[in-house]
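Can you make the complete structure from the sequences, with help from the hints?
Chain residues, written in single-letter form:
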Amino acid sequence: MRLVAAALLAVLVIGGLAVKLAQLQVTDGAILAGMARANTVHRVTLEADRGIIYDRHGVPLVANSPIWSLEVVPAGMPLDARARAIELAELARITAQPELQVAADLAAGDPYSSVPLEPSLSQEQELAINERLPQLPGASIVQRAVRTYVDPLVFGHVLGYVGPLNDADLKRLGKLGYQPGEVVGKVGVEAGLETLLRGRNGWADVEVDARGAIVRTIATQQPVPGDSVYLSLDASLQRATAQSLAAGLVRDGKTAGASVVLDPRTGEVLALVSLPGYDTNLFTHGISQADYSSLINNPDRPLLNRAIAGQYAPGSTFKMVTATAGLQEGKITAATLLSCPPYLNVNGWIYHNWASYSLGQMNVAKALATSCDTFFYQVAAMVGDVTLAKYARAFGFGQAKSIEMPGVMPGLVPDRFWKQLQCGVPDLNSDACRWNTGDTITFGIGQSYLLTTPLNQAVYVAALANGGQVMRPTLLDDVRDASGRDIQSLHPQVTGTVPASAANLMAVREGMREEINRPYNMNYWFRAAGVPADGGGKTGTAQWGGSGLDLPTHAWFVFFAPYAQPEVALSVFVERGELSEVEAAPIGVDVMRFYRDHVGAIRAGTV
Amino acid sequence: MTTIAAWRRLDHLQLLLIGMLAALGLMTVYSAQADWGRQLLWLLLGVCAYIAAAAFDYRRLRALAPGLYAGMILILLAVHLVGHSALGARRWLSVAGFPLEPSELSKLLLVVILAAYLSRSESVSWRSFGLTLLLVAPGAGLILTQPDLGTTIVFLAVLFGMLFLARARAWQLFSLVFAAGVALPLLPYLLHGYQRRRLEIFLDPNQDPLGAGYNLLQARIAVGAGGLFGQGWLHGLQGQLGFVPERATDFVFAIFAEEFGLLGSLVLLAVFGLLLIRLLRAAAVAPDRFGELLAGGVFVMILVQVVENVGMNIGLLPIAGIPLPLISYGGSATITTLAALGLVQSVVLRRREVVLGDGALGTITRRAQA
Numbered sequence: 001m002r003l004v005a006a007a008l009l010a011v012l013v014i015g016g017l018a019v020k021l022a023q024l025q026v027t028d029g030a031i032l033a034g035m036a037r038a039n040t041v042h043r044v045t046l047e048a049d050r051g052i053i054y055d056r057h058g059v060p061l062v063a064n065s066p067i068w069s070l071e072v073v074p075a076g077m078p079l080d081a082r083a084r085a086i087e088l089a090e091l092a093r094i095t096a097q098p099e100l101q102v103a104a105d106l107a108a109g110d111p112y113s114s115v116p117l118e119p120s121l122s123q124e125q126e127l128a129i130n131e132r133l134p135q136l137p138g139a140s141i142v143q144r145a146v147r148t149y150v151d152p153l154v155f156g157h158v159l160g161y162v163g164p165l166n167d168a169d170l171k172r173l174g175k176l177g178y179q180p181g182e183v184v185g186k187v188g189v190e191a192g193l194e195t196l197l198r199g200r201n202g203w204a205d206v207e208v209d210a211r212g213a214i215v216r217t218i219a220t221q222q223p224v225p226g227d228s229v230y231l232s233l234d235a236s237l238q239r240a241t242a243q244s245l246a247a248g249l250v251r252d253g254k255t256a257g258a259s260v261v262l263d264p265r266t267g268e269v270l271a272l273v274s275l276p277g278y279d280t281n282l283f284t285h286g287i288s289q290a291d292y293s294s295l296i297n298n299p300d301r302p303l304l305n306r307a308i309a310g311q312y313a314p315g316s317t318f319k320m321v322t323a324t325a326g327l328q329e330g331k332i333t334a335a336t337l338l339s340c341p342p343y344l345n346v347n348g349w350i351y352h353n354w355a356s357y358s359l360g361q362m363n364v365a366k367a368l369a370t371s372c373d374t375f376f377y378q379v380a381a382m383v384g385d386v387t388l389a390k391y392a393r394a395f396g397f398g399q400a401k402s403i404e405m406p407g408v409m410p411g412l413v414p415d416r417f418w419k420q421l422q423c424g425v426p427d428l429n430s431d432a433c434r435w436n437t438g439d440t441i442t443f444g445i446g447q448s449y450l451l452t453t454p455l456n457q458a459v460y461v462a463a464l465a466n467g468g469q470v471m472r473p474t475l476l477d478d479v480r481d482a483s484g485r486d487i488q489s490l491h492p493q494v495t496g497t498v499p500a501s502a503a504n505l506m507a508v509r510e511g512m513r514e515e516i517n518r519p520y521n522m523n524y525w526f527r528a529a530g531v532p533a534d535g536g537g538k539t540g541t542a543q544w545g546g547s548g549l550d551l552p553t554h555a556w557f558v559f560f561a562p563y564a565q566p567e568v569a570l571s572v573f574v575e576r577g578e579l580s581e582v583e584a585a586p587i588g589v590d591v592m593r594f595y596r597d598h599v600g601a602i603r604a605g606t607v
Numbered sequence: 608m609t610t611i612a613a614w615r616r617l618d619h620l621q622l623l624l625i626g627m628l629a630a631l632g633l634m635t636v637y638s639a640q641a642d643w644g645r646q647l648l649w650l651l652l653g654v655c656a657y658i659a660a661a662a663f664d665y666r667r668l669r670a671l672a673p674g675l676y677a678g679m680i681l682i683l684l685a686v687h688l689v690g691h692s693a694l695g696a697r698r699w700l701s702v703a704g705f706p707l708e709p710s711e712l713s714k715l716l717l718v719v720i721l722a723a724y725l726s727r728s729e730s731v732s733w734r735s736f737g738l739t740l741l742l743v744a745p746g747a748g749l750i751l752t753q754p755d756l757g758t759t760i761v762f763l764a765v766l767f768g769m770l771f772l773a774r775a776r777a778w779q780l781f782s783l784v785f786a787a788g789v790a791l792p793l794l795p796y797l798l799h800g801y802q803r804r805r806l807e808i809f810l811d812p813n814q815d816p817l818g819a820g821y822n823l824l825q826a827r828i829a830v831g832a833g834g835l836f837g838q839g840w841l842h843g844l845q846g847q848l849g850f851v852p853e854r855a856t857d858f859v860f861a862i863f864a865e866e867f868g869l870l871g872s873l874v875l876l877a878v879f880g881l882l883l884i885r886l887l888r889a890a891a892v893a894p895d896r897f898g899e900l901l902a903g904g905v906f907v908m909i910l911v912q913v914v915e916n917v918g919m920n921i922g923l924l925p926i927a928g929i930p931l932p933l934i935s936y937g938g939s940a941t942i943t944t945l946a947a948l949g950l951v952q953s954v955v956l957r958r959r960e961v962v963l964g965d966g967a968l969g970t971i972t973r974r975a976q977a
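Protein sequence lines, in the order shown, are assigned to chains A and B.
Residues in the first sequence are numbered from 1 upward in steps of one, following this note's numbering.
Residues in the second sequence are numbered from 608 upward in steps of one, following this note's numbering.
A hint or two may mislead.
[Unchecked claim] These stretches of chain B come out as covered by chain A in the derived footprint (C-beta under 8 Å, 3 or more residues):
#1 848–857
#2 914–927
[Claimed, not checked] Sample of chain B residues at the chain A side, in silico, Cβ under 10 Å:
#3 Arg774
#4 Val830
#5 Glu865
#6 Leu876
#7 Ala890
#8 Pro894
#9 Glu899
In case anyone wonders, no lab produced these hints; they're calculated from the structure.
Ideal placement from N, C-alpha and C gives every residue a C-beta, glycine not left out.
Structure below.
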């Protein structure tokens with residue numbers, strides 16, 4: 001009886017096991033088989049090489065240099081708790097991180113995937129760790145490519161830098177299939193040309209064992225390197241511009257400035273400098289907290305690209321706009337003579353010229369050459385703020401240029417409507433809201449509420465030089481894919497035309513020519529530098545920080561050359577510069593001297 | 608009795624089933640990348656033990672029972688005194704350079720001792736019930752404190768099963784069940800930390816998938832990944848790549864199930880089931896009560912190991928270190944199991960039978976009344 005009962009029991013129990021087995025292997029089989037596959041088959045990303053950035057002559061401005069990082073596969077570490085703790089302590093010691101931090105990093109992700117612990121090892125560290133690797137199961141040294149920039153203090157503001165994707169980038173680029181932790185351009189051309197430079201990552205499906213070691217590769221998709229980008233920048237000219245600007249700043253005890261050189265025929269930017277610069281390589285190699293806060297807290301704001309994002313009053317460099325408006329609107333002719341008194345009295349308010357004596361009767365060209373403020377007060381008053389603003393916008397003022405970099409600022413063109421919109425209270429009679437004649441006449445000499453950027457200034461002077469065409473400034477000359485095939489070349493783009501006759505523009509240019517040929521003043525710098533004063537220019541010393549006398553100033557110089565067939569236009573900006581003829585103009589002349597020698601050498605075929 | 612006559616009287620089906628299990632076991636151990644040559648050696652040694660046990664007149668064991676009991680207590684004590692540790696438990700003795708796991712041997716010794724003791728009378732008095740418990744307690748205590756929860760479970764199961772087969776009274780059996788019911792809530796306090804953890808993990812395997820729950824989870828994944836037909840011998844992903852822990856011993860069934868699928872697993876369970884029925888049949892034809900209880904005890908011993916091992920591999924029972932008989936890698940267990948089956952064969956050989964008639968279902972035999 002009991003034997004039969006035992007037999008029944010055995011059959012029942014084994015039958016029960018069979019039922020559970022059937023459920024596991026048939027009903028849940030597919031899910032569990034998927035989990036087994038997920039255990040054993042991993043997709044490894046094969047990173048695409050980021051495209052290299054060259055100057056217009058093929059000089060590389062960045063390299064993908066190798067760097068070693070220490071990575072650990074958590075599943076590969078010893079299972080035994082004590083051995084694991086010993087290894088954890090050793091890893092913490094090597095990476096100089098707190099043990100808790102290392103443990104948290106390792107616990108955070110997929111235990112079968114590599115966790116980078118120390119992203120950039122020095123050569124010595126790499127060698128030292130390599131020796132100890134056999135005692136560190138699960139740990140490995142992985143070689144990666146890292147961006148290393150050439151001369152970051154010279155090219156840094158143009159090239160920018162890359163960094164690991166963050167939440168903000170993900171929001172911006174998410175649709176393009178970016179993965180967390182991927183490297184993306186953050187600022188400069190690296191960000192502006194991200195889609196060209198990025199390339200396409202490949203992958204490999206590898207089979208790994210329970211220790212995380214790769215057993216075999218099942219399938220691969222090779223990565224596609226990013227495109228090679230040839231900038232319109234001329235590396236030598238960029239370097240010379242940076243040196244001239246730096247030397248000029250040092251000479252005058254200034255710390256910040258910017259300069260943009262472009263080709264007025266095409267809008268190609270040949271040089272774009274903002275000082276102070278900063279070491280962009282710090283960012284790609286993992287910047288320390290100390291370095292970062294010293295950059296952030298530096299009062300000269302080295303991270304600010306003044307050439308595209310610094311907004312300042314243009315001062316007297318704006319007078320060509322006022323002149324163009326006056327001529328084109330028929331308020332004056334090239335021959336009209338106006339007085340240049342030491343001051344103008346408008347409704348009881350006194351507006352001064354820079355000279356405390358009368359400069360006599362003069363036409364518009366001479367007014368530009370002598371930069372007579374009171375002449376242009378009168379012209380501005382005749383034209384009116386709304387029309388003046390129209391001409392300013394036509395020259396590209398108040399417009400964020402679409403250049404291949406993020407963070408371009410527009411500047412500001414004011415008029416009576418703008419001022420009213422600034423008012424919180426719609427009280428049209430309050431001084432804060434109502435545009436007054438004083439606003440108009442100071443607008444005429446590039447003050448008032450007017451703001452511009454060094455890039456906008458260069459585009460503006462280029463438009464004066466090329467007969468009124470506002471070019472889209474570009475940093476891109478040529479794009480080639482990994483196989484060297486040309487996939488995109490430059491097409492000059494005109495974004496607007498100044499509504500002024502050729503004759504009127506010529507009258508304005510004539511004033512700019514006279515300005516740089518004025519004896520005892522501008523001409524001196526050209527003669528000293530041995531550069532023919534063949535071109536047109538204008539200086540400007542712009543007041544900022546309120547209204548009144550004895551305000552701090554910025555110094556400007558804009559220039560184009562040669563006079564007959566302009567092929568270069570530039571703007572120079574010296575932050576807190578006090579006398580534009582002495583501080584800004586010599587920098588521009590210095591750049592022109594290099595340009596003449598350099599271009600001469602290129603044309604002679606010796607470069 | 609001549610050799611040929613003895614051969615004729617043997618349980619041939621049992622031999623065949625043992626051969627199948629040994630072959631499947633060896634294949635799986637090979638697939639689990641354990642030392643299959645060594646396992647083959649254990650099997651050969653086990654076959655020697657099997658033949659010796661079958662040839663040996665099991666009835667003489669009765670007289671030896673007190674000595675065997677003393678020997679069992681001694682080797683278990685020896686483990687505590689001079690044993691080697693592995694994975695936090697002291698379970699091993701070194702005998703002539705070979706590692707020996709006395710708790711494996713003690714399973715068989717317990718069966719012999721209980722069979723000897725319980726066969727002294729036709730029924731179980733309260734007095735002998737109490738003495739039986741006292742008899743088992745020291746050995747069970749020594750094994751539990753090694754600690755070896757798995758073998759302790761086998762011990763208690765053998766005790767219960769043999770009492771049942773010895774026709775213990777319902778109240779006696781119920782009191783054991785009741786005692787277990789009372790002891791269960793105390794279990795967490797009696798268990799070691801890791802054993803308690805295993806129990807918690809069994810109740811919720813996903814709470815620590817890389818730590819304590821790892822074994823259970825990975826074994827379940829391996830079994831499930833086998834599907835209906837299996838991934839093929841030597842082709843189980845989980846097993847071959849080392850995701851299944853203890854893959855040649857405790858979790859060898861997971862390896863088998865992954866590679867041979869549901870069909871293979873059902874075949875394996877069927878083989879075990881048939882073997883178990885053959886053991887009960889041996890008990891039925893045994894010439895005396897000692898032989899009946901001996902065969903019945905071996906039945907219980909193998910049944911509980913198969914159920915617990917397969918059960919923990921498929922997540923039905925909590926994890927306890929119990930080998931799958933004749934499949935798991937291990938010398939002590941393999942030799943002990945084969946010796947136990949040999950003893951059952953010895954019982955079969957010495958049966959006295961009255962032929963009731965040759966029917967279509969085979970020869971129906973009945974144990975002669977003593």
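Outcome of the hint check:
Three residues within the 8 Å Cβ limit are the bar, and the segment 848–857 of chain B against chain A gives 3, so the coverage statement holds. With 6 residues having a beta carbon nearer than 8 Å to a beta carbon of chain A, the segment 914–927 of chain B meets the requirement of three or more and the stated coverage holds. Because the smallest distance between the Cβ of Arg774 (chain B) and any Cβ of chain A comes to about 6 Å, under 10 Å, the interface hint for this residue holds. The criterion of a C-beta within 10 Å of any C-beta in chain A is met by Val830 (chain B), whose closest approach is roughly 5 Å, and the hint holds.
The restraint placing Glu865 (chain B) at the interface with chain A holds, with a minimum CB-CB distance near 8 Å, inside the 10 Å limit. Hint on Leu876 (chain B) holds. Least Cβ distance to chain A is approximately 5 Å, under the 10 Å limit. Because the beta carbon of Ala890 (chain B) sits about 6 Å from the nearest beta carbon in chain A, less than 10 Å, this interface hint is met. At its closest, the beta carbon of Pro894 (chain B) sits 15 Å from a beta carbon of chain A; the interface hint therefore is violated under the 10 Å criterion.
Using the Cβ-Cβ criterion of 10 Å, the hint placing Glu899 (chain B) at the interface with chain A is satisfied: the shortest such distance is roughly 8 Å.
Going down the numbered hints, you'll see the structure goes against just number 8.
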